[in-house]
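Chemist: Sequence:
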Amino acid sequence: MSTPELRAFYDSKLPLDEGQDFWVFGYGSLMWNPGFPHIEVQPAVLDGFHRHFCIYSFFYRGTPECPGLVLGLDEGGSCVGMAYKVPAAERAVVMDYLFEREMISGVYHPGWYDVSLKSGQEVVAATFVADTKHEQYAGRLNNQQLISHILQGVGSSGRCFEYLDNTVSHLKALSIEDPGLEELLEKVIEAQKHIP
Numbered sequence: 032m033s034t035p036e037l038r039a040f041y042d043s044k045l046p047l048d049e050g051q052d053f054w055v056f057g058y059g060s061l062m063w064n065p066g067f068p069h070i071e072v073q074p075a076v077l078d079g080f081h082r083h084f085c086i087y088s089f090f091y092r093g094t095p096e097c098p099g100l101v102l103g104l105d106e107g108g109s110c111v112g113m114a115y116k117v118p119a120a121e122r123a124v125v126m127d128y129l130f131e132r133e134m135i136s137g138v139y140h141p142g143w144y145d146v147s148l149k150s151g152q153e154v155v156a157a158t159f160v161a162d163t164k165h166e167q168y169a170g171r172l173n174n175q176q177l178i179s180h181i182l183q184g185v186g187s188s189g190r191c192f193e194y195l196d197n198t199v200s201h202l203k204a205l206s207i208e209d210p211g212l213e214e215l216l217e218k219v220i221e222a223q224k225h226i227p
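Everything in the sequence shown is counted per the numbering used here, starting at 32 for the first residue and increasing by one.
Derived by calculation from the structure, the hints in this document are not laboratory data.
Just so it is clear, the structure is predicted and the values come from calculations on it, not from any experiment.
Any given hint might turn out to be false.
Claimed, not checked - When the alpha-carbon atoms are kept at most 16 angstroms apart in a straight line, the in silico EDC-like pairs for lysine to aspartate or glutamate are as follows:
1) 149 <-> 208
2) 116 <-> 71
3) 164 <-> 106
4) 116 <-> 52
Based on the sequences and whatever the hints tell you, model everything.
Modeler: Here you go:
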């Protein structure tokens, strides 16, 4: 997609008044590696979605023949992440970056969602939720399926196991509790011990 086409696409998906600062909600690697300019960052809660390994990775953490898994926002529950306030002057730069980073395969739906900041303020933030109709949407895999994909997945950004391990480590460093991911990591480590 060319830059003008990309901008027309995100303008249609994430319309925003000119000259208005805006927020971006990150729930995965954006929390510790945002990669875009911002003027404020706060922990935040998004209700109605939870962080889950629900996206097959055919590139970054796997291949089409041997897919790994990456995080997505799946329906139900809530998710603690980080919200970044972006100055209006940086909108084009930040949106170009986010859409190139997150929309490589079109597996996410970009949209504006209500989030609660740690300060108590309620804001609307741009984020990317899993497209449940996309071929890369894995849905609710059982533990054995999750473990298998996490152990087998290797892509251009490295091993899927490293992605899970790094995610749990960074969440702890940010004082964000995610018991589900911590338990999954323990199960993957245990399963790894039994691989010949």
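Chemist: Taking only the CA atoms, is the gap from residue 116 to residue 52 under or equal to 16 angstroms?
Modeler: Status holds; Cα separation ~7 angstroms.
Chemist: Does residue 164 pair with residue 106 here, judged by a C-alpha cut-off of 16 angstroms?
Modeler: It holds: about 13 angstroms lies between the C-alpha atoms, which stays within 16 angstroms.
Chemist: Within 16 angstroms, alpha carbon to alpha carbon, are residue 149 and residue 208?
Modeler: Cα-Cα ~15 angstroms, so holds.
Chemist: Compare the distance between the alpha carbons of residue 116 and residue 71 with 16 angstroms, and conclude whether the hinted pair is satisfied.
Modeler: Measuring from Cα to Cα gives roughly 5 angstroms; hence the hint holds.
Violation of the numbered hints given earlier is absent; every hint is satisfied by the structure.
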